[in-house]
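What follows is each chain in one-letter form.
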Amino acid sequence: MGPAAFDEMNGDGTLCRPAYGLIKSWLEQTAPEYLKRRQEEAEFLFRRVGITFAVYGDAEAEERIIPFDIVPRVLTSTEWGTLSKGLTQRVTALNRFLADVYGKGEIIRAGVIPEDLVWRNPSFRPEMIGVKLPSDIYVQIAGIDVIRTDDKDFYVLEDNARTPSGVSYMLENRDVMMRLFPDLFAEARIHPVENYPDELLATLRSLAPASAPGEPTVALLTPGSFNSAYYEHSFLADRLGIELVEGRDLFVKDAVVYMRTTEGPKRVDVIYRRIDDDFLDPLVFRPDSALGVPGLVSAYRAGNVTLANAIGTGVADDKAMYTYMPDIVRFYLGEEPILKNVPTWRCREPDSLKYVLDHLPELVVKEVQGSGGYGMLVGPKATRAQIDDFAAKLRADPDNFIAQPTLALSTSPTFVGEGIAPRHVDLRPFVLSGSDKVRIVPGGLTRVALKEGSLVVNSSQGGGTKDTWIVEDPA
Amino acid sequence: MLSRHADNLYWLARYVERAENTARLIEAATRLSAMPVAHRDGRNEWEMALDATGTTVAFKGAGNGEATQRSVIDFLAFSPDNPSSIRSCLDVARANARSVRTALTMDMWETINSGWLESKKVVPASLGRQQLSDHLSGIKEVSLRFDGSAYRTMLRNDAYYFLRLGTYMERADFTARILAVKADVLDPDRPSPGGGFDYYQWSWILRSVSALTSYHWVYRENLKPHLVAEFLILKEEMPRSLVSCYDNITRFLDALSRDYGRQGVSQRRARQILGRLQDADLAGVFRAGLADFLSDFVGENAGLGSAIAEQYLT
Numbered sequence: 001m002g003p004a005a006f007d008e009m010n011g012d013g014t015l016c017r018p019a020y021g022l023i024k025s026w027l028e029q030t031a032p033e034y035l036k037r038r039q040e041e042a043e044f045l046f047r048r049v050g051i052t053f054a055v056y057g058d059a060e061a062e063e064r065i066i067p068f069d070i071v072p073r074v075l076t077s078t079e080w081g082t083l084s085k086g087l088t089q090r091v092t093a094l095n096r097f098l099a100d101v102y103g104k105g106e107i108i109r110a111g112v113i114p115e116d117l118v119w120r121n122p123s124f125r126p127e128m129i130g131v132k133l134p135s136d137i138y139v140q141i142a143g144i145d146v147i148r149t150d151d152k153d154f155y156v157l158e159d160n161a162r163t164p165s166g167v168s169y170m171l172e173n174r175d176v177m178m179r180l181f182p183d184l185f186a187e188a189r190i191h192p193v194e195n196y197p198d199e200l201l202a203t204l205r206s207l208a209p210a211s212a213p214g215e216p217t218v219a220l221l222t223p224g225s226f227n228s229a230y231y232e233h234s235f236l237a238d239r240l241g242i243e244l245v246e247g248r249d250l251f252v253k254d255a256v257v258y259m260r261t262t263e264g265p266k267r268v269d270v271i272y273r274r275i276d277d278d279f280l281d282p283l284v285f286r287p288d289s290a291l292g293v294p295g296l297v298s299a300y301r302a303g304n305v306t307l308a309n310a311i312g313t314g315v316a317d318d319k320a321m322y323t324y325m326p327d328i329v330r331f332y333l334g335e336e337p338i339l340k341n342v343p344t345w346r347c348r349e350p351d352s353l354k355y356v357l358d359h360l361p362e363l364v365v366k367e368v369q370g371s372g373g374y375g376m377l378v379g380p381k382a383t384r385a386q387i388d389d390f391a392a393k394l395r396a397d398p399d400n401f402i403a404q405p406t407l408a409l410s411t412s413p414t415f416v417g418e419g420i421a422p423r424h425v426d427l428r429p430f431v432l433s434g435s436d437k438v439r440i441v442p443g444g445l446t447r448v449a450l451k452e453g454s455l456v457v458n459s460s461q462g463g464g465t466k467d468t469w470i471v472e473d474p475a
Numbered sequence: 001m002l003s004r005h006a007d008n009l010y011w012l013a014r015y016v017e018r019a020e021n022t023a024r025l026i027e028a029a030t031r032l033s034a035m036p037v038a039h040r041d042g043r044n045e046w047e048m049a050l051d052a053t054g055t056t057v058a059f060k061g062a063g064n065g066e067a068t069q070r071s072v073i074d075f076l077a078f079s080p081d082n083p084s085s086i087r088s089c090l091d092v093a094r095a096n097a098r099s100v101r102t103a104l105t106m107d108m109w110e111t112i113n114s115g116w117l118e119s120k121k122v123v124p125a126s127l128g129r130q131q132l133s134d135h136l137s138g139i140k141e142v143s144l145r146f147d148g149s150a151y152r153t154m155l156r157n158d159a160y161y162f163l164r165l166g167t168y169m170e171r172a173d174f175t176a177r178i179l180a181v182k183a184d185v186l187d188p189d190r191p192s193p194g195g196g197f198d199y200y201q202w203s204w205i206l207r208s209v210s211a212l213t214s215y216h217w218v219y220r221e222n223l224k225p226h227l228v229a230e231f232l233i234l235k236e237e238m239p240r241s242l243v244s245c246y247d248n249i250t251r252f253l254d255a256l257s258r259d260y261g262r263q264g265v266s267q268r269r270a271r272q273i274l275g276r277l278q279d280a281d282l283a284g285v286f287r288a289g290l291a292d293f294l295s296d297f298v299g300e301n302a303g304l305g306s307a308i309a310e311q312y313l314t
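For the protein sequence lines, the chains are A and B, in the order given.
Numbering-wise (this note's numbering), the first sequence opens with residue 1 and increments by one.
Numbering-wise (this note's numbering), the second sequence opens with residue 1 and increments by one.
Everything labelled a hint here was simulated from the structure, so no lab data went into it.
There could be a bad hint or two in this list.
To spell it out: a stretch of chain B is covered by chain A in this simulated footprint if at least three of its residues, at any positions, have a beta carbon under 8 Å from a beta carbon of chain A; those stretches are [said to hold, decoys possible]:
hint, region
1, 3-14
2, 106-118
3, 137-147
Don't be surprised by glycine CBs; every beta carbon is placed ideally from N, CA and C.
Full structure from sequences and hints, please.
Structure representation (structure tokens):
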């Protein structure tokens, strides 16, 4: 696994980093039994409130809670300042890019991005060509996964531009921490994240179609209570004060979307949809889907409803496009990217493929369209047979893969069993793009790999979450 | 609000109410079955409990054999094959609550969710008398807490009105069914088999709707069968009586029509039913036949349910 990873609390050695002073002394002064009790209380709170997620294909544990770690992950205001500037820059570029590929296609004509990477991308939606969106915003809500390997730089691991999830955990983790450790909060002066729902609603409203009469009506579209993220959908609808609708609650008439209410049909102007493109409208996409709304795309194209996120944003968040993100930032903004990309080999390029095949035991290889930790090879952890299998897949379809070095994700102190131990973490801040500005609440979802040495932080792979604190820089 | 949400709220309340009613019914039947054999007549209280919940056919269909204490309690409290069993009621209530979480307050959701989690832990096969009694108390408590938290924490808007409508529709149905099962013993002209058994049958009826003490407050005399009927059908001060349920149903339907600025067939129907109940007197009811009166009522109540569904819930 290489040298010991950078630790958020102890840095490269045993010296406590300034942001962690309070946490370190708290951990030293608090008995493990007390922490254990609080940890159990936290789990009880999550269970009682019903903060659960469903695991597909796991009938036994139909509803699980995501393990929650009571030791917060801390960043200073200065670190956050850099990070949020970088996030704003990156998401602004993402939106410009999407408006361009569904519009004039200048980046392709300039030769910055290979044409076929766009046109032949399975997430590219030709239905979106020439559709004009309010303020040209495609990705109203982005979840950008970042990691760090030292105290200087943040790296973007993944841009989630479709329907990123996890923001309810950011908010619930904070709630639960405040219930469990009020004293700690009194001392730490932590920037609040509680206003996220207000910011989200302001963002969505700012992007209502011009044809919306008066105060726009916003609704959240969920696939239903069997979806793994249903808890989050209902939580957000509740906090935003908007209706949580399913496809069957909506219908389209004369290219306008309505919901069925006890008072008759009511027009809907903005839909925060948590359904994938494929299921949105059986008339345009998958005809076998009962989740969506027949005619929704026609209303969308007519400019009578705003979808957040827009249709076809997946073209920007696959892993092949990821490798071009620094170029995309430079092309549209004329600036150097503030956040780095993890060095990545595009297997579609013959030289890279050769290198990757020669170095498989050192690399992480991912499917371009994969997500949730599925369909990937973690070279250093793989057996010879797994590597050979994967090599065959790679040779058969090199376009479908990218490879990265195994990064030493930073670690953060985590309560495991009877004590505190370092575990690898990443961070997903949520970036909101409205017609007026970009909004980011200071924080995000820190995910933690609970197994010792594991680098996989996904909840579907047994990862947990932590509260994320942005604190004032120590004087 | 969304029609689907209104529908979920309405049925959520009905199922919570049904779970509580069924728990009370099992308690009352258990008490009656503890009577010495000499005090009983032909039908056993477990068959009556099935009748009162309208599940006799389903019980037989599921091949449960004879209606015994064990088999009926299993069926009414735990059976997944019985959509009205307490367990099924809680499952549906919880699923409905989950899909309308946005319309519930935190107190209401936590009550349903933790009640559901608790009841999942109960293993019917290993249930002793005491545990059963605890379980039934737990169920009643879920319903009471749910009702109370709705009363104390919900905004008074359409979500609240649909929830309340569900409660009173279910309650009216249950009261009428309980009375119908014992319609024959309530008839003042019926020759009494004598002894203490009548007393226990009437008290069984009142107990199953938790109204024994109230009866004494209102009438200040011993249990008289025709007064039990009057109490549960015509007395406005008795919150489980048919007339009181309809007083509420009418009130909440009117609140909806006021908020929405229009009324329809459910308002008219509810008012008709309420008017008939208010105009009725006990002598008239018995002259026409109590059993017929009650079965007509159950039918009309169901008809109003369809009208509400048509007007608001689809």
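Against the structure, the hints come out as follows:
no.: 1; hint: 3-14; result: holds (count 4)
no.: 2; hint: 106-118; result: holds (count 6)
no.: 3; hint: 137-147; result: violated (count 0)
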